[in-house]
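There are 2 protein chains.
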Amino acid sequence: MLGGGQLGRMLLQVAANWDLEVHVLDPNPEAPARSLSPHFVRGDFSDYDTVYAFGQSLDLLTIEIEKVNTEALLRLAREGKKVYPQPEIIALIQDKRRQKAFYREAGIPTADFLLTETRADVAQHLDFLPAFHKLGQGGYDGRGVQYLASPADLPLAFEAPGLLEKAVAIHKELAVLVARNPSGEVAVFPPVEMVFEPRLNLVDYLLSPAQITPAQAQEAQLLARTLIEKWQMVGLLAVEMFLTAEGQLLVNEVAPRPHNSGHASIEANYCSQFEQHLRAILDWPLGNPASRQAAAMVNLLGEAGHQGPTYYEGLPEALGQPEAFVHLYGKKITQPGRKMGHLTLLAENPAALPSKVAWARQVLKVKSTPLSE
Amino acid sequence: MLGGGQLGRMLLQVAANWDLEVHVLDPNPEAPARSLSPHFVRGDFSDYDTVYAFGQSLDLLTIEIEKVNTEALLRLAREGKKVYPQPEIIALIQDKRRQKAFYREAGIPTADFLLTETRADVAQHLDFLPAFHKLGQGGYDGRGVQYLASPADLPLAFEAPGLLEKAVAIHKELAVLVARNPSGEVAVFPPVEMVFEPRLNLVDYLLSPAQITPAQAQEAQLLARTLIEKWQMVGLLAVEMFLTAEGQLLVNEVAPRPHNSGHASIEANYCSQFEQHLRAILDWPLGNPASRQAAAMVNLLGEAGHQGPTYYEGLPEALGQPEAFVHLYGKKITQPGRKMGHLTLLAENPAALPSKVAWARQVLKVKSTPLSE
Chain A
264 MLGGGQLGRM
274 LLQVAANWDL
284 EVHVLDPNPE
294 APARSLSPHF
304 VRGDFSDYDT
314 VYAFGQSLDL
324 LTIEIEKVNT
334 EALLRLAREG
344 KKVYPQPEII
354 ALIQDKRRQK
364 AFYREAGIPT
374 ADFLLTETRA
384 DVAQHLDFLP
394 AFHKLGQGGY
404 DGRGVQYLAS
414 PADLPLAFEA
424 PGLLEKAVAI
434 HKELAVLVAR
444 NPSGEVAVFP
454 PVEMVFEPRL
464 NLVDYLLSPA
474 QITPAQAQEA
484 QLLARTLIEK
494 WQMVGLLAVE
504 MFLTAEGQLL
514 VNEVAPRPHN
524 SGHASIEANY
534 CSQFEQHLRA
544 ILDWPLGNPA
554 SRQAAAMVNL
564 LGEAGHQGPT
574 YYEGLPEALG
584 QPEAFVHLYG
594 KKITQPGRKM
604 GHLTLLAENP
614 AALPSKVAWA
624 RQVLKVKSTP
634 LSE
Chain B
264 MLGGGQLGRM
274 LLQVAANWDL
284 EVHVLDPNPE
294 APARSLSPHF
304 VRGDFSDYDT
314 VYAFGQSLDL
324 LTIEIEKVNT
334 EALLRLAREG
344 KKVYPQPEII
354 ALIQDKRRQK
364 AFYREAGIPT
374 ADFLLTETRA
384 DVAQHLDFLP
394 AFHKLGQGGY
404 DGRGVQYLAS
414 PADLPLAFEA
424 PGLLEKAVAI
434 HKELAVLVAR
444 NPSGEVAVFP
454 PVEMVFEPRL
464 NLVDYLLSPA
474 QITPAQAQEA
484 QLLARTLIEK
494 WQMVGLLAVE
504 MFLTAEGQLL
514 VNEVAPRPHN
524 SGHASIEANY
534 CSQFEQHLRA
544 ILDWPLGNPA
554 SRQAAAMVNL
564 LGEAGHQGPT
574 YYEGLPEALG
584 QPEAFVHLYG
594 KKITQPGRKM
604 GHLTLLAENP
614 AALPSKVAWA
624 RQVLKVKSTP
634 LSE
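Here the protein sequences come in this chain order: A and B. In terms of this note's numbering, the numbers along the first sequence are unbroken and rise by one, the last being 636. In terms of this note's numbering, the numbers along the second sequence are unbroken and rise by one, the last being 636.
Heads up, a few of these hints could be off.
Note: identical chains are not told apart, hence a pair may lie in one copy or across any two.
Result set (EDC-like, lysine to aspartate or glutamate): computed pairs, CA atoms no more than 16 angstroms apart in a straight line [what the hints assert, rightly or not]:
(1) 344 with 436
(2) 628 with 282
(3) 345 with 509
(4) 435 with 503
(5) 602 with 566
(6) 630 with 282
(7) 595 with 282
(8) 435 with 460
(9) 429 with 307
(10) 595 with 284
(11) 595 with 580
(12) 602 with 282
(13) 330 with 482
(14) 630 with 460
(15) 630 with 566
(16) 628 with 566
(17) 602 with 503
In short, the hints are calculated from the structure, not lab data.
Chain A on its own, in the form it takes in the complex:
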């Protein structure tokens, strides 16, 4: 496994059920996955020689982060190693320009866009605003994306190859997880929904399953299935979508691995996204992705104003809420906004979830020594 972050850590928790020997490559000696694997190798997964050497003695390679050296993975695949997801697909997804161009060519609905090489290019297309300017490579976790509301925002555009994507009126943001194994079996999870805090326009929590019509759910699932089948990809694919104000579904971005939007599946679905990824890459029968119960998932971010050794405030109190499941990632140092864990709340009635979320947010905080002013 290339990468030993929280996604890797949760994959290892499942891998232990099946006695799989998972070797982990990560540059961080305190990576979250380290404490669950006796086969931890410290090294840079974006370095050709490191990845190639790491893969030599292994049977099967997978990733928990996209920013890996796909050239080394391609060579390992050519030399007979199993590499899932396939390096060609990781490389395509790493490049947002190629990703978007693929959607257009393949007839996958996506927001209108045009490619730009420089900021001057953007200036040629001011009629395209309001739009998002996105870096072609290296964007991650909200970085590398800039909203350009009007020509006055032009100075914010990147001076690097990117794409200008027309802003659309979004009704909901959805995500669909889909898995495919080498035998061609495909299993699609029910769509989940990002619930926004209206005043701050920030993702507040994730709702599983999404509150959309059955027809919309079916269409979203078909879109995810179409995508993984066109790519013949093996592994788990997270497909982020917009449901527009006009009721149209548009593919936004994808990740070829377990994804933040799938965390609720650990408790809320029969088969979790982590179990499903392992089943897929091992060419085992896929698990049942159906929802068992409605759930909300809240990311636990490092508290503003706190940086240093991690302290979890209110952990026992949070676990006192019925059907509250806390997952901490074991990061020794907290930083404002850093993903430190997540919390999943189950409810028989989805209407009960918003107040549970509000309560959990108030109770559970990741802190450290406060930063001095």
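The hints should help you fit chain B onto chain A, whose structure is shown.
Chain B in isolation, oriented as in the chain A frame:
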């Protein structure tokens, strides 16, 4: 944690969710829990000095096996360490004679019995047969128990302190898990049932929840609650019971830790027995022990005739059954009858479970190089 077997391994899988640093003491360098803890200490948990030294640097001690040195734990507790379950209770439970005597004194219903010191003692009580002769100390996993059907079986009795327990006509064997934290909060799981294979009289599988009347379930739960409250025990207590042919509930034996009879709780209950044990000893609010769905749990035992490096036959096929959850314990060497893992099957309708169990048994086997004849 004293002990690093499969129970310890499954505790560590939960502990990872809460970023707990768990140190493990076990004499076996290939103990199942080892690969999930970077804090593994090789040593004998039944040795006074080893346990005392192990506990020196830790905040809280617990067990995943009863055969530990309780004298060392008592000293650690006296010196201010938290030790849960309390060493006095572990010591009482280690001794089946004291355990049974406690039930009698405390008015807990249990099968009639008398204490014996030697085989000659047993010979004095042939009118008590048919009965089970049980060793006072050291019995484990079916060892240390001998059925004496008639006086002709007298040579099978143990030449050591034990107890002679009257055989009762059993309708069902049940188990109730109950947890208590230091604040006195108690949570009781729904009873589960051992389903026997009628021809061989072997436990075939475990059914969760037990198919008994609500009144019987309530009475069994009350019995478990009474027991843990009388002891003021902290942690998880597994209470094995008989439901007699006359409809009476009798306590058979207990274990002050997670237990084989609770494995289905990982998928079939809101809070698993492993999570509940950790919540209890940490003095956190207890989780919801309610059943989410009916389940069957089957132990995966080493196949007869196979001894050596472990090989799992039919693993992908077993996972192809909907809602099948396989847990392998990572034991590198299999032996006939050794507990190598377990499998939990969920079903909306409990009537579907027996055929799922039969199928799983046929498909999934733990093998190695066959033993030569």
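Results for each hint:
Proximity of residue 344 and residue 436 under a CA criterion of 16 angstroms is satisfied in neither setting, with 37 angstroms inside one chain copy and 50 angstroms between copies. In this assembly of identical chains, the alpha carbons of residue 628 and residue 282 lie at most 16 angstroms apart only when taken from different copies (15 angstroms versus 34 angstroms within one copy). When the C-alpha separation of residue 345 and residue 509 is checked against a cutoff of 16 angstroms, the pair qualifies neither within a copy, at 43 angstroms, nor between copies, at 61 angstroms. For the identical chains of this complex, residue 435 and residue 503 are intra-copy neighbours only, at 11 angstroms inside a copy versus 51 angstroms across copies, given an alpha-carbon limit of 16 angstroms.
For the homomeric pair residue 602 and residue 566, the shortest alpha-carbon distance inside one copy (10 angstroms) is at most 16 angstroms, but the shortest distance between copies (45 angstroms) is not. Taking the shortest Cα distances, residue 630 and residue 282 sit within 16 angstroms of each other only across copies (15 angstroms), while inside one copy they are farther apart (35 angstroms). Only between protomers do residue 595 and residue 282 lie at most 16 angstroms apart by alpha-carbon distance; the minimum there is 10 angstroms, versus 27 angstroms within a single protomer. In this homomeric assembly, residue 435 and residue 460 come within 16 angstroms of each other (Cα to Cα) only inside a single copy, at 12 angstroms, whereas the closest approach across copies is 54 angstroms.
Within a single copy, residue 429 and residue 307 get their C-alpha atoms no closer than 36 angstroms, and across copies no closer than 67 angstroms, so neither meets the 16 angstroms cut-off. Proximity of residue 595 to residue 284 under the C-alpha cut-off of 16 angstroms is restricted to the inter-copy arrangement: shortest distance 12 angstroms between copies versus 25 angstroms within a copy. With identical chains, the CA atoms of residue 595 and residue 580 are never at most 16 angstroms apart, being 21 angstroms at best within one copy and 40 angstroms at best between copies. For the identical chains of this complex, residue 602 and residue 282 are inter-copy neighbours only, at 14 angstroms across copies versus 28 angstroms inside a copy, given an alpha-carbon limit of 16 angstroms.
In this assembly of identical chains, residue 330 and residue 482 lie within 16 angstroms of each other by CA distance neither inside one copy nor across copies; the values are 30 angstroms within and 58 angstroms between. Neither within a single protomer nor between protomers do residue 630 and residue 460 lie at most 16 angstroms apart by alpha-carbon distance, with minima of 23 angstroms and 55 angstroms respectively. For a Cα distance limit of 16 angstroms, the shortest separation of residue 630 from residue 566 inside one copy, 6 angstroms, qualifies, whereas the shortest one across copies, 51 angstroms, does not. Taking the closest pair of Cα atoms, residue 628 and residue 566 come within 16 angstroms of each other only inside a single copy of the chain (6 angstroms); across copies the shortest separation is 49 angstroms, beyond that limit.
When the C-alpha separation of residue 602 and residue 503 is checked against a cutoff of 16 angstroms, the pair qualifies neither within a copy, at 19 angstroms, nor between copies, at 43 angstroms.
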